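Chemist: Residues per chain are reported as follows:
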Amino acid sequence: MALSKHIDPASLLAAARAHPHHRLIHREHRDIHEGSYASRFEADMEVPKFKIPQTGVSSKAAYQIIHDEMDLDGSPLLNFASFVHTWMPEEANKLMMENMNKNFADQDEYPATQAIHTRCISMLGDLWHAPKGEAIGTATTGSSEAIMLGGMAMKRRWQNKRKEQGKSTQAPNIVFGANAQVALEKFARYWEVEARLVPVTEEGNYCLDPHDAIKYVDENTIGVMVILGSTYTGHFEPVSLMAELLDEYEKKTGIDVPIHVDGASGGFVAPFAYPSYKWSFDIPRVCSINTSGHKFGLVYAGLGWILWRNEAMLPKELIFELHYLGSTEYTYTLNFSRPSAPIIGQYFNLLNLGFEGYRRIIQADLKNARLLANALELSGYFKVLSNIHVPLPKTAEGLVGAAQKAVGAVPDPDDAEAYMKGLPVVSFRFADEFKKQYPYVKQVWIQSLLRNKGWIVPNYNLPPALSDVEILRIVVRESVSGDLIERVLADLLEITESLMSNPDVSMLMAAFSGQLSLRAEAHNGRVTKAKDDVTPSNTHTYAREC
Amino acid sequence: MGFLSTVPATERTDAHPDHDHYVSTTVYGSALAAEEIPRFEMAEEEMPARLAARFVHDELLMDGNPALNLASFVTTYMEEEAEKLMVDNLSKNFIDVEEYPALGEIESRCVNMIARLFNAPLHDKDSEALGVSTIGSSEAIILSVLAAKKRWQNARRAAGKSTEHPNIVMNAAVQVCWEKAARYLEVDEKYWYCRPGQYLADPKEIIDLVDENTILVCGILGSTYTGGYEDIAKMSDLLEERNKKLGTDVWIHVDAASGGFVAPFVRPDLLWDFRVPRVCSINASGHKYGLAYAGVGWAVWRNTDFLPREILFTVNYLGSPQVSFTLNFSKSAVQVIGQYYQFLRLGKAGYRAIMTNLQKTADYLAEQVVRIADGNMFELMCAMEGQGLPLVAWRIKANKHYDEFAIARHLRSRGWIVPAYTMAPHAEQIKLLRVVVREDFSRHRCEVFVRDLKDAVDFLDKTPSEIIQHLAKAHKDNAKQQAHRSAKVTHHHENKSLQAKHGKTHGVC
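Line by line, the protein sequences are chains Y and W. Residue numbers for the first sequence follow UniProt numbering, so the first one is 1 and each next one is one higher. Residue numbers for the second sequence follow UniProt numbering, so the first one is 1 and each next one is one higher.
These are computed hints drawn from the structure, not numbers from a lab. All values derive from a computational prediction rather than experimental measurement. One or more of the hints may lead you astray.
So these bits of chain W aren't anywhere near chain Y, every CB distance computed over 10 Å [to be verified]:
| no. | residue |
| --- | --- |
| 1 | Pro66 |
| 2 | Ser72 |
| 3 | Ile106 |
| 4 | Asp374 |
| 5 | Arg443 |
| 6 | Val448 |
| 7 | Asp452 |
| 8 | Thr463 |
| 9 | Ile468 |
| 10 | Gln469 |
For each label pair, taking beta carbons as the anchor points, the in silico distance ranges come out as [what the hints assert, rightly or not]:
| no. | chain 1 | residue 1 | chain 2 | residue 2 | range |
| --- | --- | --- | --- | --- | --- |
| 11 | Y | Ser168 | W | Glu80 | 56 to 62 Å |
| 12 | W | Ser442 | Y | Ala14 | 57 to 63 Å |
| 13 | Y | Glu46 | W | Met62 | 30 to 36 Å |
| 14 | W | Arg39 | Y | Asp468 | 21 to 27 Å |
| 15 | Y | Glu311 | W | Arg39 | 19 to 25 Å |
| 16 | Y | Glu194 | W | Glu212 | 23 to 29 Å |
| 17 | Y | Glu194 | W | His470 | 57 to 63 Å |
| 18 | W | Val448 | Y | Glu311 | 53 to 59 Å |
| 19 | W | His123 | Y | Glu46 | 20 to 26 Å |
| 20 | W | Arg195 | Y | Val47 | 35 to 41 Å |
All C-beta atoms, glycine included, are put in the ideal place defined by N, C-alpha and C.
Build the full structure now, drawing on both the sequences and the hints.
Modeler: So, in structure tokens, the structure goes:
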């Protein structure tokens, strides 16, 4: 019997149910309206998967079935792959649940929710140094929607400008780093804008290098998207340098190219961790900024924000005017009806934490990330690619350098400003020395073995032109405490050492990891199969979790 | 035996800590309750979670009561068990399928159930339906238009023809997201306009608008104005002929945002879904008659031919490739879980029971509305007895010194939100009142509403017209002021949309 033979569990169960004994049971007469566990009454009742069942079950039973099904999910706490926030205080949970039945699009019916939305926009504007009384913005479902709105506004402005000048609007393009999140590519393809991906280099910190990017800019460039916080290594792309180069470009050619800052992760990090850092609306060329409330804004999944410098940045034809019960509303969104709860959660956080609270949390995240990065480097097995654990050179950035000198050789361990700037992310790979010594150990096995212990730490390739480099990445979110760092580090080292010490384990791993990926494909059932048929090979893109 | 305790001197016990340092047992006794809460700038300092939650909670008391909101189709009631499931899963990110495989499984089950409910052709592998969950019907419609546009572009390019000026053919009574989809994706809008007495697209007239640049025809299953269903089957037959004549390959997308979960249960024989040969895609809002809370919609395509490859993205999560076609990425998972809960909990029988009850309540309400003032006051504008959505739309037929908007305002003072609005473009002189009958609008609540409606009519009958005019003006001024107070943008004057050109008011959905 072949070991690799695939047995379909559904057909197996169907065969098992065909036992003559079961045929005697009248399935029509099942009475499961009281018990939570349907199985207590009938083991042969199948949970409906593909068709709405003819008759329903009691609310208790429905709850229990789905509740148990959800237990097969991973634990959000141990998910180090994602930037998305997974913990909020009890009070916030309660508040969000109370408002679960409110539709955010129903503006006239829920004026208090609207007022809260306005306050959030205002606070973000203040945080990002937006011109007072001019900035305008909206909540979105996430940064993807925000980026599409930002990109679409840039495209329309460019089209209008070109039409005015009597020039062609045929071939717009947009410039961003190859490290961009998939949403940026999606925008380009869906809105028919040529994506000019700037390859990343090691010297350019694995993200957009403005000196390279400027070579891609021309009269058809609708804008440059600068990412505050690369999802690969957490580096901040230098917004101010990009702006300077574009200023020079405008002086030379008269072409004005705006910047959109994708602050999906960094928008809630930089203002608190590095208050003096210039990246936002205090740079005149920045026309719009987006962020994810559900990342370091510390709200559950389902919330993004986008702000524009002023109304002129939003072409009028994109704004929809809605009249309803005598009041007039203006909207610019892709989604219409949507939950209000995440927006309420955001306002709760802003009130609850204040500037100080957010600052304390991000400082703690960065401190834990530094701890992990330093420990990994000290182990000698790994090279760390992110650099938030690297102290700033003494001469850099006047004040900080001086402050550091005053403290002494060791920088204040709690102050993020004494180190290189970035997101609380640790990206690492096997050290070159290690690879030479243990060539048979594959880095991707670390991911699989950690997964067996419950940790989700993804292993993936860097973007072009460094796509042959693989990295492991750990995102240090609020819920990743010092204790968890200690645990994951211990497991990481133990796994690495077990692979080093025993080539046989490595052989086994090679076989095992093949099986792992098979299982991953199987768990989605038939829809994945249908989808696989349409898997376009040319659109294959590595999306970083965000 | 007892311990000896020292009683401290008064000097030691009388130390006065600052007021700020008092640990207050009540929210409202705290120092913070006596201060203004931050509105437009973040505070420097933190605030205890209990206080922050209470202040936000209090702020939200100013919102309307969702249960009395008769304007909206969006679900406002779910069972406690469903709510508990949702709160348990708030911390999960829907797109993180590798981490949360059960979520992926649940979405795929919902898509399967919906595709079968809509009679998608599933007889062999090549004709399997494809679907996706969205935030709502807006996203679903934008995705469908995007797919249709790419498909049209590809066909035109293959035939060596121009890809400029694509258009969509639709009834001007469409929901605003169709205008949005057209304008944002740079597709021309080609409208069929209604006329007094004819609010659903005339199949012949609308199909005659189709030309070689048409990427899609939109059919509405459940007009937000009158609740009526357009004759999709007839449109399909005519489109078939039209395609033959023009040598085109145009398909119909059915916007079943509201009707998708009503028609299959109330009128199972009505041909509107994939049984109709020319229907290529359908969207439905799970958060309307799908009975889940706001934040879930569905889009289903007939087969893979309708999803051109270049708009699909393969994202690679930890070794398992996922094909994705969405505008949003990270999003909440709880609404999809809520949807699956309802499918499981209710079954077809449960949905049928609820929808039938709604229809009965709607019929009862319609009867009562018409009966006011011995049948001389109102005239119905909607189809009854399951011919359309369970909603009641009516207008004043008597000659009165007040209009529908005055009635809406008066009902509002009793807490009921009943929208008054003008009809779709080219019939905008007609004003309507509309009540959407949702699951939580029971027969009993309906009776209370009828009583209040009668009171409103009596009251307005006795009110001199000067006062009514004054109230209308005051309401308008107040709305302006409110917008100003909450720092909303009010000075855009766009001139492109149907609203700007025809004064179309958009019914909330």
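Chemist: Please name the hints from earlier in the document that this structure breaks, with their numbers sorted from lowest to highest.
Modeler: As far as the earlier hints go, 1, 2, 3, 12, 13, 14, 18, 20 are violated by this structure, in ascending order.
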